[in-house]
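Participant: Model the full assembly from the supplied sequences, consistent with the hints where possible.
Here is how the chains run, residue by residue.
2 protein chains.
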Amino acid sequence: MMMRRTALRFGFREVATPIFEHTELFTLKSGPAIVEEIYAFQDKGGREIALRPELTAPVIRFFVNELTNFPRPLKLFYAGPCFRYERPQSGRYREFYQFGAELIGNKNPESDAEVIGLAASIMRAIGLDQYHIRVGHIGILRDRMSDHGVDDGSCAKILQKLDKKMYEEARSMMEEAGIPDHAIEEMFGITQVRGDVSVLEGMEGEDIDYLKGVFQVLEWYGMDDIEVDLGVVRGLDYYTGIVFEVEAPSLGAEKQVCGGGSYSLSELFGGEPTFSTGFAIGFDRVLMALDKEGVDNEPEGLDVFVVPVDDDLRSLAFQLTARLRESGLATDVDLMRRSIGKSFKYADSMGARFAVVVGQRELDQGSISVRDMRSGEQRLVSLDEVVGHLLEETRRVSSS
Amino acid sequence: MMMRRTALRFGFREVATPIFEHTELFTLKSGPAIVEEIYAFQDKGGREIALRPELTAPVIRFFVNELTNFPRPLKLFYAGPCFRYERPQSGRYREFYQFGAELIGNKNPESDAEVIGLAASIMRAIGLDQYHIRVGHIGILRDRMSDHGVDDGSCAKILQKLDKKMYEEARSMMEEAGIPDHAIEEMFGITQVRGDVSVLEGMEGEDIDYLKGVFQVLEWYGMDDIEVDLGVVRGLDYYTGIVFEVEAPSLGAEKQVCGGGSYSLSELFGGEPTFSTGFAIGFDRVLMALDKEGVDNEPEGLDVFVVPVDDDLRSLAFQLTARLRESGLATDVDLMRRSIGKSFKYADSMGARFAVVVGQRELDQGSISVRDMRSGEQRLVSLDEVVGHLLEETRRVSSS
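Heads up: the sequence lines are chains L and H, in that order.
When the letters of the first sequence are read in order and numbered with this note's numbering, they come out as residues 178 to 577.
When the letters of the second sequence are read in order and numbered with this note's numbering, they come out as residues 178 to 577.
Misleading hints may appear alongside valid ones.
The list makes no distinction among identical chains, and a pair is therefore deemed to hold if it is satisfied within one copy or across any two copies.
[Said to hold, decoys possible] Each computed EDC-like pair below joins lysine to aspartate or glutamate, with the alpha-carbon atoms no more than 20 Å apart:
1) Lys-284 <-> Asp-340
2) Lys-389 <-> Asp-488
3) Lys-284 <-> Asp-488
4) Lys-519 <-> Glu-363
5) Lys-342 <-> Asp-461
6) Lys-469 <-> Glu-431
7) Lys-389 <-> Asp-489
8) Lys-341 <-> Asp-489
9) Lys-342 <-> Glu-503
10) Lys-519 <-> Asp-541
11) Lys-284 <-> Asp-487
12) Lys-389 <-> Glu-404
13) Lys-389 <-> Glu-470
I should point out that these hints are in silico values taken from the structure, not numbers from a laboratory.
Facilitator: Set out below in C-alpha cells:
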C-alpha cells in the first residue's frame, strides 16, 4: 500500500497497538464524555475496556510504556481499524480504518516539516490530484488571548468557534471574556490570513518565526503547494504548536481527509512531557475522494503471467515461475490448465504486465516468447536471459 | 513485511474484512459451542455480533457476497487481528494476529501446491530456519471408513483421535463403528506413513495419485523439503482434501505455526459450493519461534541517513533527502541539528546502511562523502551521481 511505502521511505517505522485498551486511556485524552461515543464495556474481570476510537493515544501510551529509552526522535506510523458507537452516515462508519504517524521527542521546524511533508507525499503517492494542505499555529491566537487574561478553558471554547468560522458566537464570548474590540478585530483578521508563505511577511512574534521556519524546510523539500492558513485552529484542546489539515475539495462539505499538529500527551499516561507532532488520515474519506476524482484505485497488478502451451511444458513453466518470484517479480502461472487464449484473458483481468509463453517450437531454439500485455507486441528472448529481461522491462515500466 | 511481500510475488491479492461480524457466521462454520470461546454480544439494535475469532469464514463470506463473478481462481491473502475469549497462556493471547491465504475456485494439484508453496516460501522469507511442512490427504482415511459404513459424525470423531495419535481411544471407537481389526490396523498404518514422496510408492487410489500430483508440482517449484505425512488429518470437520501443517520444533509441545487444507465453505453462507484451499499462520507463535532461533526480527533499517556538516548546508541536505526518497530509498535526515558524531550514532541505531555527509570542503569539488555504516569505509561521490550510486549500492546489498 502506497501510504506504508511512503512512510518507510521517510524513515518512519510501523507500530501496532491492541484493538482493546483501558477506557481510561481515551477519557484521559478526550474527557469523560467520549464514553458515549465509543464501544466501551466491562470484561469478565470487571475491567473497563473499549475498542479504540483513534490511534494517537494508544501510540503515545505505547511510547510511554515501552519506548522512552529509544534514540530521539522516534518516527512511528500505524494503520488499523478504529471504532465509534454512532449512527453510520456518509463517509463515517462504525468501524473505520485510520493511518497515522507521530514524530516523538523533538521540537523544531524541521520535525514539524517532516510530518507535514509525509502527509503531503502520501496524498501525492496515492494519486489524489486535488488537495489543499493548510498549516497554522495555534499559539498565535492563544498567546493573544492569554495577553488579555483569558483563561485556558474560555480560550478553548472561543477557538472552537473560530475553528468553525462562527464569528458572531466567538465575538460575544470574546467580549464576555473582556477582550477589547480592536483586539477582537485583530484576531478575526489573523484567522483570515491565508495564502503562500509571503502572507506572513510583516507579521511578528515567536510563533510566526517558527511557522516561517517550517515553510523554509518544506521549500527545501520542494513542497511548494502547501499553504499558510492561520484560521486552522483545530477544535481540540491538546494541540500546542503547529496545526494542519488536508482537504479534498471533491468531497464537498465533509472534505477533511487528514488533520494533525504538535502536542504533548505523554504526561497524561505517566510519562515525561514529550513534544510530538503527528497526523491521522481517515481512510474512508480518502477512498471516497479518489473515487470522486475517478482515480483508478486498483491494486498493483502482476508483473508476469506464465503460460505453458501444453501439458508437457508445465514443469518448465512452474520452474520458471519459481525463478521469477525469487527475483522479486510478482508472478502467476496458469493453474487451471487453460488454453493460451483463455490464459491471456485471465492474465489481462489480473492486470499482468507481461505474459511468458512456454512453447516447444521456441524452446527448440533455446528461447521463450514474451508478450507485452498492453501493446500486444511479442518477442523471443533466450531462456537464459528471460529473468533479467523481465526485471529490466518491469523496472522501465514502473519508473516511467 | 515479508509475509505480505511474498504473497504479492505469488500473485495473491490482499483483502480486508471487518473486525465485527454477525455471530452466525462463526456458528455456521464451527458449531454453536464456539460462542463460548469468542467475544459475542448484542449491539444496540439487538443484533448478535462478534469480534472475529478467525479469518477464513469472513473471507469466504466476502467472496460469496462480492466476488463470485471474478475470474477463477481467486488468490487472496489477509492479515489482521482476531479475538478469543479465554484465559491467556503461553503463545495464546485474547487478541492475536493472523495471516492467511485462500485460493478459491479451482480443484487440482497445481492449486494445492501453489498454496503449500506460498506457506513454505513465507517461512523461508521471514528467516525461520527450522520448520517442517507435512502434507496429508484427509480423503484417504475417510474413504476407508466410509467403505466400512462409518457415518460422517463418527468418522469426524475418530479422525480427531487419530489427529492426536490417541490410538487406544480411536481403536475402541472404530471397533464400535464396526470396522474389522485388519482394517483398523491398516488405517493405523496409514497414519504412520511419513517421509519424502517416495513413501507413497506402491500405494494406490485416487487420493494417493492426487497427493503425488501435488508433490510433483512442488518439485517443479524446487521445494524439496516438504514431507508426506498421512497422519495429518487436522481436527476440523470441514476439510475435504489435502491437509497440511507447519511446525517449528524450537517451540516444543505447542509447535504448530500454520495449518491449512482444502475445503468448501461457501455453501454455508448462501453461495455455490466452491472448492478452496487455504491456510492460516499464527503470528505470535511465529514470532516466538523466530525469537527462540535467535533470528534478528528487527524491522528493515534505513537505506540512507543524510548529515549536514553545518547549518548553512541544511537546505542542500534536505533537498538531497527529498531526491533520495523520490528514488525509492528509505532516507532520513538529521532533524535535531546534532553534531556529525552524534548523527552517526543515531543513524547506526536506526540501522542505516549508508550515511551521506554534506560538507563544504567536498562540495567545493562538486562531491559528497558516502560512508558505509557497516565497514566504516568512506568515499567521495560526485553530487550528480550520488542518487544513482546509492541506488546501485543498496541494490547490491539487498541482493547479497
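Participant: None of the hints should be skipped; say for each whether it holds.
Facilitator: A quick look at each hint next to the structure:
1. Lys-284 <-> Asp-340: Close neither inside one copy (24 Å) nor across copies (59 Å); limit 20 Å.
2. Lys-389 <-> Asp-488: between (68 Å within a copy, 16 Å between copies)
3. Lys-284 <-> Asp-488: between (65 Å within a copy, 17 Å between copies)
4. Lys-519 <-> Glu-363: neither (70 Å within a copy, 45 Å between copies)
5. Lys-342 <-> Asp-461: Neither: 26 Å inside a copy, 49 Å across copies.
6. Lys-469 <-> Glu-431: So Lys-469 and Glu-431 pass the 20 Å test inside one copy only (13 Å; across, 50 Å).
7. Lys-389 <-> Asp-489: between (69 Å within a copy, 17 Å between copies)
8. Lys-341 <-> Asp-489: Intra 70 Å, inter 41 Å, cutoff 20 Å: neither.
9. Lys-342 <-> Glu-503: Result: close neither inside a copy nor across copies, 57 Å intra and 38 Å inter.
10. Lys-519 <-> Asp-541: Intra 25 Å, inter 61 Å, cutoff 20 Å: neither.
11. Lys-284 <-> Asp-487: between (65 Å within a copy, 19 Å between copies)
12. Lys-389 <-> Glu-404: within (11 Å within a copy, 65 Å between copies)
13. Lys-389 <-> Glu-470: neither (32 Å within a copy, 51 Å between copies)
Of the numbered hints stated above, those contradicted by the structure are hints 1, 4, 5, 8, 9, 10, 13, listed in ascending order.
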